[in-house]
Each structure stands twice: as structure tokens, then as C-alpha cells.
Amino acid sequence: MNLSAKKYEIIGLKDKSQEIIEEMQLSGVAEIISLDEGEFTDGDLKNKSSVELKLAEMKFVNDFLSRFEEKQGFLSALIDSFFPTKDKYDLKQLRNLSSEKRTDELVESCNFLEKRLNRIDSRCELLEREIEELKKFSGISENPFIDFENFEVFIGSIISDKKEELLNALKEKSIFFFIRWGGEEEKKNGFYMIYPQEEEQLVEIAKSVGAVQESITWSRPPAEIVREKREELSDLKKKREEIIERGRELTGEIPKVRALIDWYGWELEKCEALESGKKTELYFYLQAWILEGRAEKMEEKLKKITPYMSINELEMRKNERPPVLMENKDLMESFEVVTGVYGAPKSDEPDPTPFLAPFFAVAFGLALSDAGYGLLLIALCYFMGKKLEDARAFFNLFIIAGAFTVLAGLLTGTFFGTDLFAGLRIVDAVSDPIEVLYLVSVFGLIQIFVGLLVGLFWNYKQGDINTALGSKGGAVVFFLGIAAFAFTGRAPLLIGSVILMFLLNIIFSENENPLKRLLSGFGSLYDLIGYFSDVLSYSRLLALGLATGIIAMTINMIAFIFMDMIPVAGLNVAVAGFVLVFGHVANLLINALSSFIHSARLQFVEFFSKFMEGGGRRFRPLAKKGRFVEVIKK
Amino acid sequence: MELGLILAILGAGLAVTLPCIGSAIALSAVGRSAAGLISEEPEKFGKALLLQVLPGTQGIYGFLAAVLVLQQVGLFGEEIVEVSAGVGWQILLACIPITLAGLLSAVFQGKVSVSGISTLAKKPEEAGKAIILSAMVETYAVIALLLTILILNGITV
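Chains as they are written, first to last, in this note's numbering: chain L, 1 to 634; chain H, 1 to 157.
The set of hints was computed from the structure by calculation and includes no laboratory data. Fair warning: there could be bad hints in the mix.
Using 20 Å as the maximum straight-line C-alpha spacing, the simulated EDC-like pairs for lysine to aspartate or glutamate come out as follows [as the list claims (entries may be wrong)]:
| hint | chain 1 | residue 1 | chain 2 | residue 2 |
| --- | --- | --- | --- | --- |
| 1 | L | 16 | L | 281 |
| 2 | L | 86 | H | 41 |
| 3 | L | 59 | H | 41 |
| 4 | H | 44 | L | 70 |
| 5 | H | 123 | L | 269 |
| 6 | H | 44 | L | 69 |
| 7 | L | 625 | H | 126 |
| 8 | L | 86 | H | 43 |
| 9 | L | 624 | H | 125 |
| 10 | L | 346 | L | 315 |
Small disclaimer: the values here were computed from a predicted structure and weren't measured.
Construct all of the structure, not just a fragment, from the sequences and the given hints.
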């Protein structure tokens, strides 16, 4: 059901504002309204800046230490990305944590380590680049840049294959030269050549063979420089390892740091809540949406902090829409997952969750329609629900949907793509898809009819009699006409229902103009095309059911083909077993995803449109709900 | 080999190949933008993966149609059935809906999924809506598959 919120003003002693907001956060029933003319003092700003600084520090420490955290396995990382695990803390523990001096020391250590790491990394990068440049000369253990009178030095490199060619070309000239090779690097040889000053042609010859001049000089022999740089690099890498080791040691603090990220996030929320209101020297003033029936209880709690405060209900402005909170209990809560994907209804619309629940479950079952897959889905979700308590509502949804999948599987007689339960089969989707097409179409008709009934009831309840009896009532009559025609086969009943629908739309049209009223009647006939396409849309359930079943059959066939093909006894069973397990699990996952999405779409597009528009704003109360932490009461 | 059987195999081949190409194009586009997102926020991998696999279904639908064809002509472990040229043409034409709709809808669904990655980056809590928007495109591949199945079901070999 939809819980509506009412608008309130909260006035209290400024000195107690922090405690009052904290209590509001704990109760989780009030959403602060940001006033355009909100005011804040220098003190508020200072407080907010210090909280922001703390939050930034904790985020920095978390990011820094996460680098050294042990990497999660693929599966657990995947599960964690959907359902992050939260540590449990009570408020006292969190408060103590925020005042621990060790946290400041941790920030300092991380700052220090990060700076050192950055320095080492940039130095290492520089050294690696320099070594890379010098590597091809690392065999040269003397410095050629000595002032030889009348001689020049040429520093170059050449592809190893052309070494001989270069030497021969130089020797051909019968001019004195001295060449020293510097070692091979990626098939390239570095060298230096000493030649008479006036014989520049030797350089040209070297270049013509393919030698490239290197713009590099050394003050000392390259072998020595490279050795020194390598030693420095190795020392730095050792130091880097030490820092990483220290970082790893500090990863034990990550849970606390993450708890503090949530804590300072809440503190910031408090500051922003106070900023949204007004202040005098002694009092603060806030406006908030408070869930209906919860204001009195909250006021009681706040009065315990200070008797000098009050909560008063305010008139809503014209066209002002309160935020909406959907609240369903027990198993129905699980179906909020589906509604949640669509978004909240408007405050004057019904919560669609209880209405969609049975249809979603049946649609999912028909789309997956394999008893074996249903059982596997139930087992997987039961296990996951036990493991991840926070996501229990989500997994319960699939347990219910799994149960309907088992029923649909028995109806079509499929069990992991086999005919094991063929005896129970009522319809055969593979050999007689038309029969299943009728079945899903009837299911669609029923759901659309229920949607129209909900719409009729809701419009009537809201006092919109014209819409209730005109467009909705007319459509309901038409659907009743279809049912009467289906059961009796008498066409006049169907034609009569269309005429009655046409008349109802004219009679209850909101237009005064008779021509426009007549147009409303014709408009309702046009709506029939819409209903037809809505019902056709349910045929997807047949296609999805067939897809699951036939692919499951194919997996079984492939497994048996492997069994026959592989001549080694034992190995053939193992391969066939692997194909069966991997194939069926993959088929289940892919088709469960498709079944969820398409069943949800049937609710959003074909069903919701009959009684609601959606687009309501979700109620987002001040609350101590964190990304990493769950607050527990002690 | 008889012309009928050649046409049936051609139909099955096209039904797998073109939707698979469409799915591969779409998955690669979504994968590239998802990789960009994950480089910044690796914790969003699961939802990004979900958006990426969505346009992969068309390839499976094509495969499903092909399996039905292969079963019908007895190429799946049974004895090959004699297929007349007329029936071969019928099977080939039956494969056209999923072949074309599978190819094109996968590519276009991929584009919606790529935009969905932006939604995931900016408002991760609304990722469900992005998934539904992407799935809307798939509807037409489902309808095409349904037609292919119904026609194949009506062909007597």
C-alpha cells in the first residue's frame, strides 16, 4: 500500500538542533523540504566544512588502502556488486570510532605512504626510461667523449642484421676508424665510432647502410651508468615493496574507515538539513514531509530532547505533491522489487504491488516453464537468501516465481528439457504452440480486465465518476462481452458489449459539446485496437517458454552426442555431465533474466497503464542508511 | 544433396549467423562503454554485465529457430528426412523473420544498452529502468521468433 506524507513545520531550540536532526534520522520517517530562503550561520558553515573534510579524508584513506586489499573472487565480486555486504555497528560504536585519535594517525600514515609511493613511482618511471635509452650501449665500459685531437665521435644504433654490412661498407673506404658495439637490445645494436675529423663521409656511409644517429652523451661510461641506475631502481623497488607491505598491514582498518564514510555522510546530511531551514538567534525552523500517523510519535521523542520544540501540520500548496512510500508486508514486500524498477506511483494513485504480484509470478512461471529450472531457482534463491539476509526480499521474489515455474513446467510436462513428467502434461508447447498461445492470451485478457477494474474502482474512489463509468466502465463491459462470447459463442453479446461501451463513453464524457461526446464514443472504439495489441503482447510468454524448453532439450541432445562420440569410458560421462550442468545453469540464468524483464514489462506497459500513470517522487527520509554499514540497536 | 535440404540448411544457417552477428556487434559496443565505466567504478560490474548481455538474446533466438529447422529435417541425430524443394523454400522463408528482426533489433538494443551504461554511471539506483528500456527493443525479436516458430510448426515435411 501507498503511505502518504503530510507537510509539517518543526521549530525548536537552536542549541538542540543537532540532537533533534539526529533523532529524526534515527526515526527515518521525515524528509526535509529545502526552503528557497534557507539560512545558515558562520558556525553552520564551519561545522559543515569540517565534516566535509573528514568525509574526504576517509574516502581518500579508503581509496588508498583499497589498492592493497586482497582481490575478491569473480563470483563474490559479482554478488557483492548487486548485494554489498554491510558490517553491523551500533550508534555508540560508531560514535566512539569517529572520536578515535587513531583515525587521524591513520590518515597521516596513508598521506605519508601515498606521497612516498608517488615519489618512488615517478623516480622509478624516470629511471626505467633512462635505462631503456642506455640499454643498447650498456656493453661500453669506457667513456668515448674524451677530447681526441683531430677525431670525432659518432653515436648511433643499427639493426643487428646490418652490423656486418656496416662494417664492410666502412672498411671499403680504407680510412682509419674505431668502432665499439654496445650490446643488443630488441635486435638493435648501439655503437660508437671514432673517425678522423675530416672524414665525415664515414658517418654518411653508416647512415646510408641504416645506422641512426642517437642524440645522447655520457659523462661516464654507459655500462657504469646503467649499473648504477639499475641498482637505484632495485633499491627503490624494495622500498616500494615495503610501503605496499605497510599498506597491506593497514587494510585491516578498511572496515572502520568505511563505517566512518557512512558516519560522516550522515553528519553531512544533518548539516545540509539544517541549512535547508531558517534560524533566529535562539530557534531553528524546518519544514518536512512526515509519514501519515508518525508525526505524534516523533514529536514525543523529540520533546524528550527539549520541551522547547513543536511540530505543526501545514497546508499543502496548490498542485504540491507529497512524496510516496510503498510499504508492503511479508511476501508482498518481495514484489516491491518489481514495482521499484518502474518507480513510485503518484501520491493519489494506488500502490500497484499487491495487484501485480499474482500476475507477475504466473507470467514469470509461463516464461520459464520448466519444472526442473523452477526447482533449481528455488534452491539457489533459498541458499542465497540465507547467505545475504539484506537481500532476502529479492530472493523470496524468485522463490515464489520459481514455484510458479514448477507449476508451469508440470503443465507443459518439461523437466530440464526432458519428458520425465510427460504424464502430467496438459499442454505441449513444442508440438501444439497454438494451444499455449490461447492460454497466454486468456491470461493477458484476465490481467487487463483486472487492471481496468482497479482503475474503475480507484477513479470512483477519487470521485472521478465520469472516467470510472465512462472509459473504464465501458472497457469492463467490453471485456465481459468477450467472456460471454467465449463461453456461449453468441456474437450478439459481443456486439452488444461494444455498443454499450460506445454509449457509456458518450454518456459519461466530460465534454459538454455533443459532437465532442460523440468523438469520445468513437475514441473508445479506437481503444479496442490498444487492448488487442496489449493481449498480443502476452504471446511473448509462449516464445520465451519455448526458448527455454527447446534450448534445454538441445543441451540434453548435445550431452548425449558427446557421450556417444567420445570412445573413452568415464571421460564421455564426465564431458556429458559438464555439458549438462554448465548448459542448464547458463540457460536458467539467461532465461530467468529474460523472464523477469519481460514479465515486468507486461506489468509496466500493459497492466499499469489501465489504472495509473506513475511518476511519483519516492519518499527519501533522513535516515541512517549506509552504503557499508547497517546500524543495529543494542 | 537435394535442393529442399540445401534451402532448409541455408535458412537455419542464416537464422543463427545474422542474429549472432547483430548480438556480437551490440555486445561489443556495450562492452566497450561498460569497460570505461568499470575503470572508474569497478563495483558496478554486475549491473554493467546485465546491460551487456541483454542484446545477446537475439543470437539465442536465432539458434533456437535453427534447432527447430534441424529437428524438422532430421539433421539433429535422427535420419535425414527427404525435403522437397517447395518445403525447403517454406523453411527458408519461415526463418526470415527471426533472421532479419534478430540482426537489426540486436544492434538497436545494443544502442539503448550503451545509453543505459550512462544511466548506470550517473544514477545507479535507476539501472533497472535502463534495463527495461533496453528490453523494450527485444520485444520485436520475440514477436519475429514467435512467427518463425508458428510457421515452422505449420510446415509438414
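Right, here's what the structure says about each hint:
Proposed proximity of residue 16 (chain L) and residue 281 (chain L) is supported: the alpha carbons are some 13 Å apart, at most 20 Å. Only pairs whose Cα atoms come within 20 Å are accepted, and residue 86 (chain L) paired with residue 41 (chain H) is accepted, the gap being roughly 19 Å. Our distance criterion of 20 Å between C-alpha atoms is met by residue 59 (chain L) and residue 41 (chain H), whose separation comes to about 14 Å. As the CA atoms of residue 44 (chain H) and residue 70 (chain L) are separated by approximately 18 Å, the hinted pair is consistent with the 20 Å bound.
At roughly 19 Å between alpha-carbon atoms, residue 123 (chain H) and residue 269 (chain L) fall within 20 Å of each other, so this suggested pair holds. The suggested pairing of residue 44 (chain H) with residue 69 (chain L) holds, with an alpha-carbon distance near 18 Å, which does not exceed 20 Å. Distance check on the hinted pair: residue 625 (chain L) and residue 126 (chain H) sit about 18 Å apart at the alpha-carbon level, within 20 Å; holds. For the given pair, residue 86 (chain L) sits about 14 Å from residue 43 (chain H) by alpha-carbon distance, which is consistent with the 20 Å threshold.
Distance check on the hinted pair: residue 624 (chain L) and residue 125 (chain H) sit about 18 Å apart at the alpha-carbon level, within 20 Å; holds. Distance hint between residue 346 (chain L) and residue 315 (chain L) is fulfilled; the C-alpha atoms sit about 19 Å from each other, no more than 20 Å.
Checked against the numbered hints listed earlier, the structure breaks none of them; every hint is satisfied.
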